[in-house]
Structure formats: structure tokens, C-alpha cells
Amino acid sequence: MAEREMLLTRQGWADALLELGETNPNVVVLDADLAKSTLTCLFKDKFPNKFFDMGIAEQNMINTAGGLSLTGLIPFVSTYGVFVSGRAWEQIRTSICYGELNVKLGGAHGGISVGPDGATHQALEEIAIMRVLPKMTLLVPSDYYETKKAVLAAAKINGPVYIRFGREKVPVITNADTPFEVGKAITMKEGKDVTIVACGVMVAEALDAAEELAKEGINAEVINLHTIKPIDRDALINSVKKTGCLVTAEEHQLAGGMGSAVLEVIAQEYPVPTEMVGIKDTFGESGEPRQLMEKYGITSKEILEKSRQALKRKL
Amino acid sequence: MVYPQTLTDKERLLKAIQMRRDIVEMVHAAGSGHPGGSLSSVEILVTLYNEYLKHDSANPKWEERDRMVFCKCHITPAIYSILARVGYFDPATLNTFRKLGSELQGHPCRFYPKGLEMSGGSLGQNLSIAHGIALGLKAQGKPNRVYGLSSEGDLQEGNSWEAIMAAAHYRLDNLIVFVDYNKLQIDGHCESVMGVAPLDKKFESFNWHVVMVEDGHDFKQIRDAIDKALTLKDRPTAIIANTIKGKGISFMENQAGWHGKVPNKEEYELAIKELDAQEEAINKQYS
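Heads up: the sequence lines are chains U and R, in that order.
Counting along the first sequence from 1, when you hit position 276 you're at 276 in the working numbering, and nothing is skipped either side.
Counting along the second sequence from 1, when you hit position 3 you're at 1003 in the working numbering, and nothing is skipped either side.
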């Protein structure tokens, strides 16, 4: 498999915020005592007057951001995904989304690859509970560059945006020049035999699986679905029309996640044999990130197996 | 119309009667809604919207306006009444309250009617919104003030105390929060459902200024409290106003059951009769 540079997605988040601090006078940042972990400490050091420590009080942080947005500011809120999406879900629902407030939510430490902190800190539900909210835009970038671009794009959207990123260094699979448009999926590799749709760190796993499939003479198409909502219906439908079968891959619960979002489109528009890779209705545990991804069955190996199964069902 | 303006004693009293009529009529016409806590907030709202808040009903998004944030958002009959009566929209539409297609939602949506700063209905959330607005205005060096209207029910929510902690931390002396302290909630007296007393000591221990209003239906006491709050520096201020749930309608006063109950035809007519008599007495007193 290809050797790839490894970079932090949260560094992409932090670098984009630093850029916005220079270019957009209205951008402010809030954190809940995790600035050193989410790396918003870099923004805090450079723009202390535009940074607000909110303490360990996420519900207040979300609605304070809502209030700040009502004065014309563009608040970016930062903490771990479990806390931002879970602890303050109803604040996000009733104040931010119903009110269509211009608040950007940065959910760090998404996925089981959070590692040794264990199940309490491994956010595996945010895609489900954020995408169900009207008015929400939901972004799950795949690497450092895409995270940076997602954050810069979020600042241009007038309304709520949730951006999910992780803790660990992940393979760099895009570059500074790769086009990024909210709502427009990226075909990372064209193919004709099976469509693999993935988001976040699973895009790299999908590319690895496609490489292995190629050795078996199977030409897989890999779609990077960095925007879960609004979902790129055309890209999904056109791809499965071409390939005739589908594998979805995500570092998230299977119930309600990216795969479910994809199937809400495909099942209604152009049903094809489908296999899904993701977390199977269970919590995580402590361990090294790679060990956990292997134990819980979310690596290129499972994508490879599921692709073979999907192909078999197609015949 | 541009506010604040100064009212005479008679005007204040008559405006309160008008609001109480609106509240009773809206809830009766809608067949649902919350009369009790609406009636307890009347004098506070008449005072704020007429005599203290800087705002312009012809220019709802005026940059220089003070911001009024409702934390107890179930009192939409009171909220819509005061907004209509200070000129944000035609009071004739008040009878569409809670009906399909109406702008007057059961709990407010911030986009309509004009004059609303924020949606709401889930208690505990909007003290944080008020905090965020006050923080944002201060961070931008703007002189606008932020007023909130909370309640003992709103203060049972943990989110409220997170906001109270943060507003003191950021020394937001541009924030004044009224507590419409009528002491009753849906399931009964708040001290039996979940005690919140002593509210003054709680706010003080969270580093807020506290101003007490013995009778939250006495216009002079309300004005004195706001005047005092406006002189206080370095911290936010809570004005804790002792009020009576259902105030002004004899059979609703101090009855938890009237939190979300609708008057039937007889009760409605009796309530209007009581308000007629109160109005007549005011006119006689000031004639």
C-alpha cells in the first residue's frame, strides 16, 4: 500500500481558524477547557480578544455562541464530539438550528480512533444526531487539507455547520489544491465494478481496499462523501448506476450514520446490492487507535471483504 | 415609534389592563396557551418596553436597540401582546395565536413577529443566549444593554446556572435579568416541586448584583429597581420580582392550575368583567 504523509485533522481545524482570524474580523472561537487538545489554543494565543474560554459547560457554550452570532459575530465552537453534539444536542436543535443561527460546531475526537481514553470519549453517534436536524450542514473531512478547507468553507455559510474531525494523525490523501465544495462529493478514484462511499479516515481505508481489489481485477470507484448533509444525490446515484453495487464505510455507528444517509438516497432512487462497514451497535474501549479499528472491523480489510460480497450479490 | 418614552401613572395602569385583556382573549380564542405566567409578567413588560428599552418598532433591527431576551418563552400571550401594543404589528392579528399558518407560534420563533430577538420554549437555554448577546456587544465595544426575563422554573435548569456563572466571569454589567418570581409551576408550588430559594443568595454567591422587588406588580418599585440596576457596575444584575401567578384575574391568582389552562366561556366572561371593573376604577381614580 502507498506510503502517505500523516497529519492531524485537528491541525487543519486550528490552521483554518488562524487564517480566519487574519481574514475575517467577525470570527471568534469558544472552547470548553480543551483548547490544548482541540488546538484552538493556537488561535487563543494569537487572538486573545477573539477567544472565549467557556469552562466545562457545553450547554452554555453552544447558546453563548448563538447569542454572539446574534450580534454579527461568527462563532466557532470547539470541544470533543461527544460533548458538543451530545451534551448540548437540544441547545443545537432548538436554539441554533430552529433559530438558523450562524454558529459553527467543531467536533474533535470523532470516532473510535480516539484510542486509550475509551468509550466515553469515542464519539460514534454525531453523524446520526446532527444530520437529523433541519438547517444543519454536516461535514466529515478526510484529512488535514480537507479539514482546513471545510472550516474555511463553513465560515462562508450563513447558518449552522457541524465539522467532525479526529484525534490521531491520519493519511494525507488530498492536497492544498484539491477542489472542495460543500455538498459536492469527490470521486477519489473512478471505477466500474463497485462503488465505495466513505467519509473521514475511512476514505483512506477505502483507497487502500481499492488498491487490493485492483489486484483481483476489480475496478472500484471510491467516493469521498465529505458532506453528509446536504448529500450529493447525483454523485451517488450516477456512481451506482454505473457500478451496480455499493459499499459504505464510516468510523461511526451503522445506525443513522453516513451509510444510512447514502441508503436513504439509493434505496429510493436506484436500489443496488449494498454492504456496510461501521460500528455495529456497540461502544468502544481503550486501546491503540489501529488496534481498535481492527477489533471493531473498520479497516480496508473489511471494505475489501464487503466489496467482494457486494459484487457476488450483483451477479 | 421610538422608545423609551415616559408614561403617566394612569397610562401605565391602562396598558396593563390592555395586556391582560389580550392575554385572556388570546388564550380563550386559541383554546390553549399559558395565562398564569403571562399575567404575572405584565407590569415588568409594560415598564421595560415603554419606559426603559431603547428600541424602535418601525425599525426592529435598529443597531442601537437594547436587546430583550425572553427566557420564559411559554408566556407568548404576554410577549405578543406587548410587541403588538408598542407597534411591532397589528393587534388585530393577536387572535390568530397558535393557529395553523399564524406568525404567532405557541412558543416564539425568532423570525416573526417583528421585534423578537430569539426563539425559545425550552427553559434554561435563553439565559445563555442573553449572555452571548451581552458578551458579543461588549466585545465589540457597543453600549447596548441586554435585558432578560427569567423565572423560577427557568432557574431549575442547569444550563441557566452555567450562564449565570459565565456572565459573572465576564463581568457583563450590560446584562440585567428579571426573575418573574411567581413561585408556581405546572405541578404545584416550586418549593414542593423543586426548591429554588433563596434565589437572592444564589445569585449573590454567583457574583451577581441582586435587586429585590417586593411587589412585582407595583410600577414604581419596578422602575426603582431598574434605575438602581443601571447604576451597578462590573457584574450583571438580577432583579428578583415577587409576582403573583394569574395576577389581575381573581380566580386565576396564585393557582398553579392556571399555568396552562384555558378559561371556558363563563370563566372568560368573568375575567373580562373583572378587567372592565378594574379599568373603570382606574378611569374614576384619575378623572
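FYI, nobody ran anything at the bench for these hints, they're computed from the structure.
In this text, a Cβ means the ideal position worked out from N, Cα and C, and glycines have one as well.
Be aware that one or more of the hints could be misleading.
Under the rule of at most 30 angstroms between Cα atoms (straight-line distance), these lysine-lysine pairs were calculated in the DSBU-like manner [stated by the list, open to error]:
#1 U:Lys156 x R:Lys1061
#2 R:Lys1265 x U:Lys44
#3 U:Lys189 x U:Lys44
#4 R:Lys1142 x U:Lys156
#5 U:Lys46 x U:Lys36
#6 U:Lys135 x R:Lys1099
#7 R:Lys1265 x U:Lys46
#8 R:Lys1265 x R:Lys1099
#9 U:Lys44 x R:Lys1114
#10 U:Lys135 x R:Lys1061
#11 U:Lys135 x R:Lys1233
#12 U:Lys135 x R:Lys1183
#13 U:Lys44 x U:Lys215
#14 R:Lys1142 x U:Lys44
Listed below are several chain R residues computed to face chain U (Cβ distance under 7 angstroms; list not exhaustive) [claimed, not checked]:
#15 Gly1106
#16 His1107
#17 Ile1129
#18 Gly1132
#19 Gln1156
#20 Ala1281
#21 Lys1284
#22 Ser1287
Quick look at which bits of chain R chain U covers, simulated, 3 or more residues with Cβ under 8 angstroms [said to hold, decoys possible]:
#23 1046-1054
#24 1209-1216
#25 1251-1264
Here is how each hint holds up against the structure:
no., hint, verdict
1, U:Lys156 x R:Lys1061, "holds, 22 angstroms"
2, R:Lys1265 x U:Lys44, "violated, 61 angstroms"
3, U:Lys189 x U:Lys44, "violated, 39 angstroms"
4, R:Lys1142 x U:Lys156, "holds, 25 angstroms"
5, U:Lys46 x U:Lys36, "holds, 14 angstroms"
6, U:Lys135 x R:Lys1099, "holds, 24 angstroms"
7, R:Lys1265 x U:Lys46, "violated, 65 angstroms"
8, R:Lys1265 x R:Lys1099, "holds, 19 angstroms"
9, U:Lys44 x R:Lys1114, "violated, 37 angstroms"
10, U:Lys135 x R:Lys1061, "holds, 23 angstroms"
11, U:Lys135 x R:Lys1233, "violated, 39 angstroms"
12, U:Lys135 x R:Lys1183, "violated, 37 angstroms"
13, U:Lys44 x U:Lys215, "violated, 49 angstroms"
14, R:Lys1142 x U:Lys44, "holds, 22 angstroms"
15, Gly1106, "violated, 13 angstroms"
16, His1107, "violated, 9 angstroms"
17, Ile1129, "holds, 4 angstroms"
18, Gly1132, "holds, 2 angstroms"
19, Gln1156, "violated, 14 angstroms"
20, Ala1281, "violated, 42 angstroms"
21, Lys1284, "violated, 45 angstroms"
22, Ser1287, "violated, 45 angstroms"
23, 1046-1054, "violated (count 0)"
24, 1209-1216, "violated (count 0)"
25, 1251-1264, "violated (count 0)"
Violation of the numbered hints given earlier is confined to hints 2, 3, 7, 9, 11, 12, 13, 15, 16, 19, 20, 21, 22, 23, 24, 25; the remaining hints are satisfied by the structure.
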